[in-house]
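Participant: Here is what each chain is made of, one letter per residue.
2 protein chains.
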Amino acid sequence: MNGAECLLRTLLANGVDLCLMNPGTSEMQFVSALDRVPAMRGVLCLQESVCAGAADGYARITGRPAATLLHLGPGLANALSNFHNARKARSSIVNIVGEHSTQHLRYDAPLTADVEAFARPVSAWVRTLDDPLNMGAAAAEAVRESLRPPGGVASFIIPADHSWSESGEPGPSIASEPRRLTNPARISACSSILASGEPAAVLLGGSATSRRSIEAAARLGVPVFLNRYAACVPRGRKWSFARRVSYFPEHAEVLLAGIKHLILVEAEAPVSFFGYPGRRSTVAPEDCTLHVLATQQEDGCAALEALCGDAAFPPESTSPVMPEDGPLTPESLGAVLAALLPEGAIVSDEMVSCGEPINRALEHAAEHDLLPVTGGSIGQGLPVALGAALAAPHRKVISLEADGSAMYSLQALWTMARERLDVITVILNNRRYRILDIEMQRTGAGPVGPKAEEMIDISRPALDWLYLAAGLGVPATRATTAAEFAAQFRSALNASGPHLIEAVL
Amino acid sequence: MNGAECLLRTLLANGVDLCLMNPGTSEMQFVSALDRVPAMRGVLCLQESVCAGAADGYARITGRPAATLLHLGPGLANALSNFHNARKARSSIVNIVGEHSTQHLRYDAPLTADVEAFARPVSAWVRTLDDPLNMGAAAAEAVRESLRPPGGVASFIIPADHSWSESGEPGPSIASEPRRLTNPARISACSSILASGEPAAVLLGGSATSRRSIEAAARLGVPVFLNRYAACVPRGRKWSFARRVSYFPEHAEVLLAGIKHLILVEAEAPVSFFGYPGRRSTVAPEDCTLHVLATQQEDGCAALEALCGDAAFPPESTSPVMPEDGPLTPESLGAVLAALLPEGAIVSDEMVSCGEPINRALEHAAEHDLLPVTGGSIGQGLPVALGAALAAPHRKVISLEADGSAMYSLQALWTMARERLDVITVILNNRRYRILDIEMQRTGAGPVGPKAEEMIDISRPALDWLYLAAGLGVPATRATTAAEFAAQFRSALNASGPHLIEAVL
Numbered sequence: 335m336n337g338a339e340c341l342l343r344t345l346l347a348n349g350v351d352l353c354l355m356n357p358g359t360s361e362m363q364f365v366s367a368l369d370r371v372p373a374m375r376g377v378l379c380l381q382e383s384v385c386a387g388a389a390d391g392y393a394r395i396t397g398r399p400a401a402t403l404l405h406l407g408p409g410l411a412n413a414l415s416n417f418h419n420a421r422k423a424r425s426s427i428v429n430i431v432g433e434h435s436t437q438h439l440r441y442d443a444p445l446t447a448d449v450e451a452f453a454r455p456v457s458a459w460v461r462t463l464d465d466p467l468n469m470g471a472a473a474a475e476a477v478r479e480s481l482r483p484p485g486g487v488a489s490f491i492i493p494a495d496h497s498w499s500e501s502g503e504p505g506p507s508i509a510s511e512p513r514r515l516t517n518p519a520r521i522s523a524c525s526s527i528l529a530s531g532e533p534a535a536v537l538l539g540g541s542a543t544s545r546r547s548i549e550a551a552a553r554l555g556v557p558v559f560l561n562r563y564a565a566c567v568p569r570g571r572k573w574s575f576a577r578r579v580s581y582f583p584e585h586a587e588v589l590l591a592g593i594k595h596l597i598l599v600e601a602e603a604p605v606s607f608f609g610y611p612g613r614r615s616t617v618a619p620e621d622c623t624l625h626v627l628a629t630q631q632e633d634g635c636a637a638l639e640a641l642c643g644d645a646a647f648p649p650e651s652t653s654p655v656m657p658e659d660g661p662l663t664p665e666s667l668g669a670v671l672a673a674l675l676p677e678g679a680i681v682s683d684e685m686v687s688c689g690e691p692i693n694r695a696l697e698h699a700a701e702h703d704l705l706p707v708t709g710g711s712i713g714q715g716l717p718v719a720l721g722a723a724l725a726a727p728h729r730k731v732i733s734l735e736a737d738g739s740a741m742y743s744l745q746a747l748w749t750m751a752r753e754r755l756d757v758i759t760v761i762l763n764n765r766r767y768r769i770l771d772i773e774m775q776r777t778g779a780g781p782v783g784p785k786a787e788e789m790i791d792i793s794r795p796a797l798d799w800l801y802l803a804a805g806l807g808v809p810a811t812r813a814t815t816a817a818e819f820a821a822q823f824r825s826a827l828n829a830s831g832p833h834l835i836e837a838v839l
Numbered sequence: 335m336n337g338a339e340c341l342l343r344t345l346l347a348n349g350v351d352l353c354l355m356n357p358g359t360s361e362m363q364f365v366s367a368l369d370r371v372p373a374m375r376g377v378l379c380l381q382e383s384v385c386a387g388a389a390d391g392y393a394r395i396t397g398r399p400a401a402t403l404l405h406l407g408p409g410l411a412n413a414l415s416n417f418h419n420a421r422k423a424r425s426s427i428v429n430i431v432g433e434h435s436t437q438h439l440r441y442d443a444p445l446t447a448d449v450e451a452f453a454r455p456v457s458a459w460v461r462t463l464d465d466p467l468n469m470g471a472a473a474a475e476a477v478r479e480s481l482r483p484p485g486g487v488a489s490f491i492i493p494a495d496h497s498w499s500e501s502g503e504p505g506p507s508i509a510s511e512p513r514r515l516t517n518p519a520r521i522s523a524c525s526s527i528l529a530s531g532e533p534a535a536v537l538l539g540g541s542a543t544s545r546r547s548i549e550a551a552a553r554l555g556v557p558v559f560l561n562r563y564a565a566c567v568p569r570g571r572k573w574s575f576a577r578r579v580s581y582f583p584e585h586a587e588v589l590l591a592g593i594k595h596l597i598l599v600e601a602e603a604p605v606s607f608f609g610y611p612g613r614r615s616t617v618a619p620e621d622c623t624l625h626v627l628a629t630q631q632e633d634g635c636a637a638l639e640a641l642c643g644d645a646a647f648p649p650e651s652t653s654p655v656m657p658e659d660g661p662l663t664p665e666s667l668g669a670v671l672a673a674l675l676p677e678g679a680i681v682s683d684e685m686v687s688c689g690e691p692i693n694r695a696l697e698h699a700a701e702h703d704l705l706p707v708t709g710g711s712i713g714q715g716l717p718v719a720l721g722a723a724l725a726a727p728h729r730k731v732i733s734l735e736a737d738g739s740a741m742y743s744l745q746a747l748w749t750m751a752r753e754r755l756d757v758i759t760v761i762l763n764n765r766r767y768r769i770l771d772i773e774m775q776r777t778g779a780g781p782v783g784p785k786a787e788e789m790i791d792i793s794r795p796a797l798d799w800l801y802l803a804a805g806l807g808v809p810a811t812r813a814t815t816a817a818e819f820a821a822q823f824r825s826a827l828n829a830s831g832p833h834l835i836e837a838v839l
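Residue numbers (the working numbering), protein chains in the order written: chain A, 335 to 839; chain B, 335 to 839.
Any given hint could turn out to be false.
What the hints assert, rightly or not - Where chain B lies over chain A, by a calculated footprint (3+ residues, C-beta under 8 Å):
id	region
1	422-436
2	490-504
3	611-619
4	666-678
5	703-709
Said to hold, decoys possible - With a cut-off of at most 35 Å between alpha-carbon atoms, the simulated DSBU-like pairs for lysine-lysine come out as follows:
id	chain 1	residue 1	chain 2	residue 2
6	B	LYS572	B	LYS594
7	A	LYS572	A	LYS785
8	A	LYS785	B	LYS730
9	B	LYS730	B	LYS572
10	A	LYS730	B	LYS785
11	A	LYS594	A	LYS572
Hints are computed from structural coordinates only; laboratory data are not their basis. Quick reminder that beta carbons are idealized off the backbone N, C-alpha and C, glycines included.
Turn these sequences into a full structure, and let the hints steer you where they fit.
Facilitator: Here it is, written out as structure tokens:
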């Protein structure tokens, strides 16, 4: 068989059966091989940032890698911002990038670029295939490296001639390396701290934001905090006791005030999103000691369970109340969402300035999974929702999107329509990069003059999301009151396939 | 003054008065400084690939750099594919990238990335500002380096605290280095070749595709070829004698057949866009000797003029004929364009599979400037048209776009509407990545099976360009016959501001 078919068969043998792609000439053999390898699902995206973000969303839900198939350096370049987010999410992704054929590369043709250099800043592993006979082994290695704890992007660059040459048999199925157990001395040390009675708390990140990990943490009887930028966190009233660290440092400082010992479980020390004049970057109290229970590479859940807590599970927060009709605001929209969100839903959050009140409301919703911003690269929300829907076709996916952010990767809507995925996209349309109003002040750059205003206001021309959605094949409605939003959201939940609601705020 | 204001004033002092931007928190000081530096024009784009492509288009028309202002590593990442095209176009661009404040960088906050590593593969020069007091000198250096022949992207990375700190006075106005004169021995050698009577031709690239250069080349009395991927080439019936090297290598080989000496003027040896099985990458005859008259860094125009040719200027091609009404095809659409294109128009070409017949028709049009694909990174056409319109507000800009390609950076339409630019965008809608049908066969990967078909067909759902344009604030019409297209194109030429025509092929 040729190299392309060998690649697909090796990916399948290693559990990778979804490929998000935007192929070009150098990847034609892989496209052709799809018809000879029926178990590999190919999903087309109209811009590579969608491929990368969707693979990120898929990994966050399944814990397994999808593949991306991208066209040379420039195709990879378009995907880098969402690979940045995937890297911060520690998502496993097998990123296949086509390269010019080996004999063509020396000629500096238009598309020639330094593909490895593009790949390195976002990848845990980068390899350019040197010989088609190594295809099977290298492809298996790519899967294994993507899964190596804590998980990452494995970029596998394949010259075109290696895809059309004879490659021999597919590579082996390789077991992925498990997470290491944490050193018992760390467990003892943390156990002593918890026994000391001094104010302590745990901060969970990485795979330790799983339900089982949070349950074990809850039994320790100390406050449980979650890395705000974790890949996937259970939310809703059952899990509201586990608090996400706040976005703004002054809020995070209030949240963490008084804690003398912060136990880190697959989490780094909490820091501010941005640095600001005259403010420190870390948000834990200055006299707080940090203790690592489990590193990013270790098994945080096992370590938490080894602490053998026996405190009672914290009580649920109150049930949500459907709001009266009234103006559509982040608060009323959040209340409607909380009242209607079905159990088991997946929420992709790129709400930016509207996020705080809506996330607060969702603390009263039925149990669901939240996919937060991880790397802060705008344009994550829609692609991550797409990938989550591919991963969990029987769950409702709700994509909560700021209007400005949605514009970075709106092409994702087309693939949702093409694959008939159950994604409800809510565009929070305030016609403004609202967060920048806040950040202008915080960075000491304000007040906003008329020319600065032009860089923040996006109302001229107004983006019309009904038209944009229709152009991309997604049915859409517009809500301007809480009751309209409730009716439209309820109707979308009862339908199948994608729907977009433009929420005019 | 603070660093941000110092930067803007230094850019202005060095002739840079346009900044294409998508700023974030780390760039707020620059946004604020716009109000204190009125001569600097800020233009907002909704995705960074639009900023980069627009700066490329601006440089191709003016020969001067615009600035881009991007938000940290991820903002830069989104711009890389169009910076790749700009690099291949040898366009001068001053690329300002914000970075976390120096004290925040060590904490690996979500947006932290290796900004320099992202910048290097596309940049001729990369510098991270180390001290706010060096702002003025470094900004002037960035402009100079962007202009250093042959021109390139100068990436200047500025930690946020250096923008809000005191920086001292703006930097100096620095003269840019002129192109070097070519070695007289090379001129003598080429002169001898031309005198020998052996079959010879010249291939022009870089700045040597200017009118003056082509005129000098025409007087040599040998065939004149243009690098297909040059940044800007004059076209229309006056210039049709200067042939662009063909896209497909077998066509290029026919074009160049019989030539024994190819004189390269700011051009590299012509090569195939892609490598194919069993086909060589170079397209000049195997027995053809290549002679460098001027390198990329040298003054090709002066070198051509030094050859002192005295042949008659070649005759014009025939005038175009408006076609009868009939189905809209690339051929009939090209004929309409050729008949109606106003003298002095600028054409941005990202037509892909429709390009050949339309470009052939435009050889009979009035004199105009063509901005070709340079680096092959898809998503160039609309942003380059935007930048050209910013550079030349009194000229009509025609953006000829494949439907698949337009989807990569459709956000450019919004900025065209916002800035009320005279850009007519023609979407060549064949609902297919048609070029891949051809490339499947050429790479030996065909025939196209049903799963491969799914990666090439983009008709499900159909992209509706009237809705997409309306969503982005651009008036649009749809043409399905040659007469409809002619009426709509004529009407758009007579109007001001942007217009989009969806040409259903």
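Participant: Could you run down the list of hints and mark each one as holding or not?
Facilitator: Right, here's what the structure says about each hint:
1. Counting residues of the region 422-436 of chain A whose beta-carbon sits less than 8 Å from any beta-carbon of chain B gives 3, enough to reach three: the coverage restraint holds.
2. A stretch counts as covered by a chain when three or more of its residues have a beta carbon under 8 Å from one of that chain; for the region 490-504 of chain A and chain B the count is 3, and the coverage holds.
3. Look at the region 611-619 of chain A against chain B: 3 of its residues bring a Cβ nearer than 8 Å to a Cβ of that chain, three or more, so the hint holds.
4. Against chain B, the region 666-678 of chain A contributes 0 residues with a C-beta closer than 8 Å to a partner C-beta. That does not satisfy the three-residue criterion, and the hint is violated.
5. Judged by the Cβ-Cβ criterion of 8 Å, the region 703-709 of chain A is covered by chain B as claimed, because 3 of its residues qualify and three suffice.
6. For the suggested pair LYS572 (chain B) and LYS594 (chain B), the alpha carbons sit about 27 Å apart, so the restraint of at most 35 Å is met.
7. A threshold of 35 Å between alpha carbons decides the hint, and for LYS572 (chain A) with LYS785 (chain A) the separation of about 47 Å lies outside it, so the pair is violated.
8. Restraint check for LYS785 (chain A) and LYS730 (chain B): satisfied, since their Cα atoms lie roughly 27 Å apart, inside the 35 Å limit.
9. Restraint check for LYS730 (chain B) and LYS572 (chain B): satisfied, since their Cα atoms lie roughly 19 Å apart, inside the 35 Å limit.
10. Only pairs whose Cα atoms come within 35 Å are accepted, and LYS730 (chain A) paired with LYS785 (chain B) is accepted, the gap being roughly 27 Å.
11. For the suggested pair LYS594 (chain A) and LYS572 (chain A), the alpha carbons sit about 27 Å apart, so the restraint of at most 35 Å is met.
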